[in-house]
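Engineer: Please model the complete structure; the sequences and the hints are all you need to start from.
Okay, here's what each chain looks like letter by letter:
Number of protein chains: 2
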Amino acid sequence: MATQQSTSPRTRRGSRTDKPTIADVAALAGVSVSAVSKVVNNRPGISPPTRQRVWDAAEKLRWSPSATAVALRGARTRAIGMVAGRSADVLAADPHFSVLISGIEAELAPADYGLLLHIVGEEPGAEERAYRRLAEERRVDGVILTESRIGDSRFELLRQLRLPAVLVGTPWREDPIVSVRAGGEQDAGIREAVHHLAELGHRHIAYVSGPEDRVHTVFRRRVFEAALGERGLRPTRIVISEFTADAAVKAVRRLLAEPDRRPTAVLFANDTMAVAGMSAARRLGFDVPRDLSVIGYDDLPVGELVYPRLTTIGQDLVQLGRAAATAMFGLLDSGRSEPVEPTAVRPPGLLVRESTGPAARGA
Amino acid sequence: MATQQSTSPRTRRGSRTDKPTIADVAALAGVSVSAVSKVVNNRPGISPPTRQRVWDAAEKLRWSPSATAVALRGARTRAIGMVAGRSADVLAADPHFSVLISGIEAELAPADYGLLLHIVGEEPGAEERAYRRLAEERRVDGVILTESRIGDSRFELLRQLRLPAVLVGTPWREDPIVSVRAGGEQDAGIREAVHHLAELGHRHIAYVSGPEDRVHTVFRRRVFEAALGERGLRPTRIVISEFTADAAVKAVRRLLAEPDRRPTAVLFANDTMAVAGMSAARRLGFDVPRDLSVIGYDDLPVGELVYPRLTTIGQDLVQLGRAAATAMFGLLDSGRSEPVEPTAVRPPGLLVRESTGPAARGA
Numbered sequence: 001m002a003t004q005q006s007t008s009p010r011t012r013r014g015s016r017t018d019k020p021t022i023a024d025v026a027a028l029a030g031v032s033v034s035a036v037s038k039v040v041n042n043r044p045g046i047s048p049p050t051r052q053r054v055w056d057a058a059e060k061l062r063w064s065p066s067a068t069a070v071a072l073r074g075a076r077t078r079a080i081g082m083v084a085g086r087s088a089d090v091l092a093a094d095p096h097f098s099v100l101i102s103g104i105e106a107e108l109a110p111a112d113y114g115l116l117l118h119i120v121g122e123e124p125g126a127e128e129r130a131y132r133r134l135a136e137e138r139r140v141d142g143v144i145l146t147e148s149r150i151g152d153s154r155f156e157l158l159r160q161l162r163l164p165a166v167l168v169g170t171p172w173r174e175d176p177i178v179s180v181r182a183g184g185e186q187d188a189g190i191r192e193a194v195h196h197l198a199e200l201g202h203r204h205i206a207y208v209s210g211p212e213d214r215v216h217t218v219f220r221r222r223v224f225e226a227a228l229g230e231r232g233l234r235p236t237r238i239v240i241s242e243f244t245a246d247a248a249v250k251a252v253r254r255l256l257a258e259p260d261r262r263p264t265a266v267l268f269a270n271d272t273m274a275v276a277g278m279s280a281a282r283r284l285g286f287d288v289p290r291d292l293s294v295i296g297y298d299d300l301p302v303g304e305l306v307y308p309r310l311t312t313i314g315q316d317l318v319q320l321g322r323a324a325a326t327a328m329f330g331l332l333d334s335g336r337s338e339p340v341e342p343t344a345v346r347p348p349g350l351l352v353r354e355s356t357g358p359a360a361r362g363a
Numbered sequence: 001m002a003t004q005q006s007t008s009p010r011t012r013r014g015s016r017t018d019k020p021t022i023a024d025v026a027a028l029a030g031v032s033v034s035a036v037s038k039v040v041n042n043r044p045g046i047s048p049p050t051r052q053r054v055w056d057a058a059e060k061l062r063w064s065p066s067a068t069a070v071a072l073r074g075a076r077t078r079a080i081g082m083v084a085g086r087s088a089d090v091l092a093a094d095p096h097f098s099v100l101i102s103g104i105e106a107e108l109a110p111a112d113y114g115l116l117l118h119i120v121g122e123e124p125g126a127e128e129r130a131y132r133r134l135a136e137e138r139r140v141d142g143v144i145l146t147e148s149r150i151g152d153s154r155f156e157l158l159r160q161l162r163l164p165a166v167l168v169g170t171p172w173r174e175d176p177i178v179s180v181r182a183g184g185e186q187d188a189g190i191r192e193a194v195h196h197l198a199e200l201g202h203r204h205i206a207y208v209s210g211p212e213d214r215v216h217t218v219f220r221r222r223v224f225e226a227a228l229g230e231r232g233l234r235p236t237r238i239v240i241s242e243f244t245a246d247a248a249v250k251a252v253r254r255l256l257a258e259p260d261r262r263p264t265a266v267l268f269a270n271d272t273m274a275v276a277g278m279s280a281a282r283r284l285g286f287d288v289p290r291d292l293s294v295i296g297y298d299d300l301p302v303g304e305l306v307y308p309r310l311t312t313i314g315q316d317l318v319q320l321g322r323a324a325a326t327a328m329f330g331l332l333d334s335g336r337s338e339p340v341e342p343t344a345v346r347p348p349g350l351l352v353r354e355s356t357g358p359a360a361r362g363a
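Protein chains in written order, with UniProt numbering: chain A, 1 to 363; chain B, 1 to 363.
Just so you know, these hints were derived from the structure itself, not from any lab. A quick note: this is a predicted structure, and the numbers were derived from the prediction, not measured. Treat each hint with caution, since some may be false.
[Said to hold, decoys possible] Each pair of labels, with its calculated beta carbon distance range:
{"id": "1", "chain 1": "A", "residue 1": "E174", "chain 2": "B", "residue 2": "G349", "range": "51 to 61 Å"}
{"id": "2", "chain 1": "B", "residue 1": "S37", "chain 2": "A", "residue 2": "D333", "range": "48 to 58 Å"}
{"id": "3", "chain 1": "B", "residue 1": "G349", "chain 2": "A", "residue 2": "V33", "range": "54 to 64 Å"}
[As the list claims (entries may be wrong)] Residues from chain A that face chain B, not an exhaustive set, calculated with beta carbons under 8 Å:
{"id": "4", "residue": "A92"}
{"id": "5", "residue": "S102"}
{"id": "6", "residue": "P176"}
{"id": "7", "residue": "I177"}
{"id": "8", "residue": "L200"}
{"id": "9", "residue": "V275"}
{"id": "10", "residue": "R283"}
{"id": "11", "residue": "L284"}
{"id": "12", "residue": "V302"}
Cβ atoms here follow ideal geometry from the backbone N, Cα and C, with glycine treated the same way.
Structural biologist: Below, the structure is given as structure tokens:
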């Protein structure tokens with residue numbers, strides 16, 4: 001105990017003399033201590049100029065709210081974790097993630113929270129290891145998960161680790177996880193897309209989907225088949241593929257190879273695939289939309305950059321990201337295991353742009 | 001002291017009985033303690049199967065290396081910070097960042113490091129506040145900066161905060177910062193692009209640049225003008241713009257509006273602008289490359305998705321990201337303020353694809 005007795009008082013006295021207190025900040029800013037606390041905890045009821053004054057005072061005094069807070073057991077880390085069991089290039093290859101993260105950051109930033117990204121690769125156990133570290137080292141207050149899987153083992157692990165978690169997407173069956181998803185009927189957008197194509201006279205419609213270990217992939221294929229059924233149609237082709245541009249190009253080459261089975265319209269599982277597929281078709285001499293109508297999914301920025309502009313099923317990924325962050329703050333504030341209030345994200349809907357048109361004659 | 005004396009021994013005894021030690025892990029894995037230490041600190045000299053065995057043992061025993069390490073003063077956080085003074089949608093709007101982050105993650109992940117992202121918005125002081133928090137709360141071991149600015153104030157701040165920092169890009173003048181950048185002559189790619197266009201018979205070449213508060217923006221414009229000079233040409237137009245698709249569309253509308261001053265080729269400051277500009281031109285009835293040649297910058301994935309494929313100046317952003325992370329690890333391991341070894345990233349070079357062709361007749 002000798003060491004302890006000699007060091008700990010010194011540290012305490014030291015911290016008193018060296019470190020400014022919240023009271024010093026309140027005094028310099030000319031506000032109450034509780035006002036400072038409200039500002040640093042990003043609570044409402046403080047005017048922007050006052051907030052600014054408090055932060056200026058904190059900076060002038062080199063006072064950092066959490067520098068003291070983190071000394072307390074269980075103090076907040078002001079970081080939310082996101083672990084992706086994907087290869088490091090996922091952010092480059094799949095803008096879906098980047099857009100989602102933009103939405104998450106839009107809520108984290110004003111609360112002075114950061115997003116701790118771990119892109120751990122696809123080797124088995126890597127994800128679990130990352131979650132264990134985050135929990136045991138208290139690196140994050142909670143984690144946001146994406147890509148709900150069939151028989152997803154992450155939820156149970158996170159409960160064991162007592163790490164608050166929010167899933168962006170639709171859990172498989174009754175998986176015990178707080179989730180945010182678009183409002184309204186799941187994947188109504190795909191039904192809209194099919195009916196849109198049917199109205200345009202398309203009878204030969206193909207679907208290029210992602211890997212079927214994802215929950216949404218299976219859901220969407222079923223909705224696609226059901227919607228065609230409502231029109232007395234059956235899929236010309238369903239290609240189970242990967243979420244990559246290369247996979248989309250391969251799929252299009254196959255779909256357009258056989259004149260007798262050639263679709264006049266193709267739905268893709270995401271916008272990157274749709275844009276790549278559209279280019280592949282045009283390179284093969286098929287005009288879009290004259291010879292082939294193309295529909296994507298996600299409403300990523302790229303869809304508006306290209307010519308023709310991509311008709312796509314817009315899901316509001318930014319809003320989903322914001323909702324996930326908001327649900328997380330709800331969990332952290334309430335300590336409960338359900339979000340404080342249901343999140344409202346507009347249902348995925350069809351955005352008709354330039355890549356869909358009437359079915360080609362004689363098709 | 002009463003409380004201390006009563007609680008602290010309990011905690012210590014508790015931690016002894018509850019917490020497994022590195023020796024337990026070594027025993028279970030059947031390796032030496034130093035071998036376990038090598039594995040968890042990601043040092044060389046341990047075979048993959050052994051590494052796996054150690055991690056399995058660590059998991060079985062619920063032992064987390066840093067859970068003990070972080071108890072020590074100055075322990076590593078296993079997180080690298082990245083603060084962007086941009087609006088939250090930067091990741092969605094500017095894939096440049098996502099690709100760079102992919103490169104950074106490619107090096108961080110194998111070392112079990114995470115990237116702590118703070119996208120703090122553009123309000124004055126927000127960036128500085130974020131850096132202060134990261135330093136004072138010991139949230140990260142160091143930070144990676146992008147977008148070197150003219151008269152950049154971040155470097156001095158980070159030195160005051162004693163936060164190891166690596167800049168991706170070219171510092172302005174003699175700014176005191178470890179930086180990684182493409183090898184070879186700076187922006188040689190732009191010279192290549194100009195000569196490529198000149199070879200194709202282009203005499204009317206415009207440049208749509210980004211905001212001139214960025215160091216690289218000014219550099220690149222100068223290289224552009226110099227390269228034209230070498231061919232006895234002068235810029236038809238230089239549009240100082242923003243790094244956005246909308247800005248690119250506006251610029252193209254202006255450039256193509258006046259027949260007498262109309263360029264036959266346009267260089268854009270990034271690929272997103274180039275793709276948007278290409279689509280805008282085609283929507284106005286100008287074929288690419290027949291009526292207008294277009295060149296981008298960055299070699300982002302989108303350039304290969306579109307039709308025609310984008311001719312662009314490829315800078316290896318993934319490699320730049322990797323080099324930045326490697327330089328950071330060098331700083332952390334050596335405690336020195338220069339990177340342990342110079343980073344080699346291939347110089348930006350012109351990638352000729354489908355969006356450039358011979359100058360239109362009579363142009």
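Engineer: Run the structure past the numbered hints and jot down the numbers of the failing ones, going up.
Structural biologist: 2, 6, 7, 8 and 11
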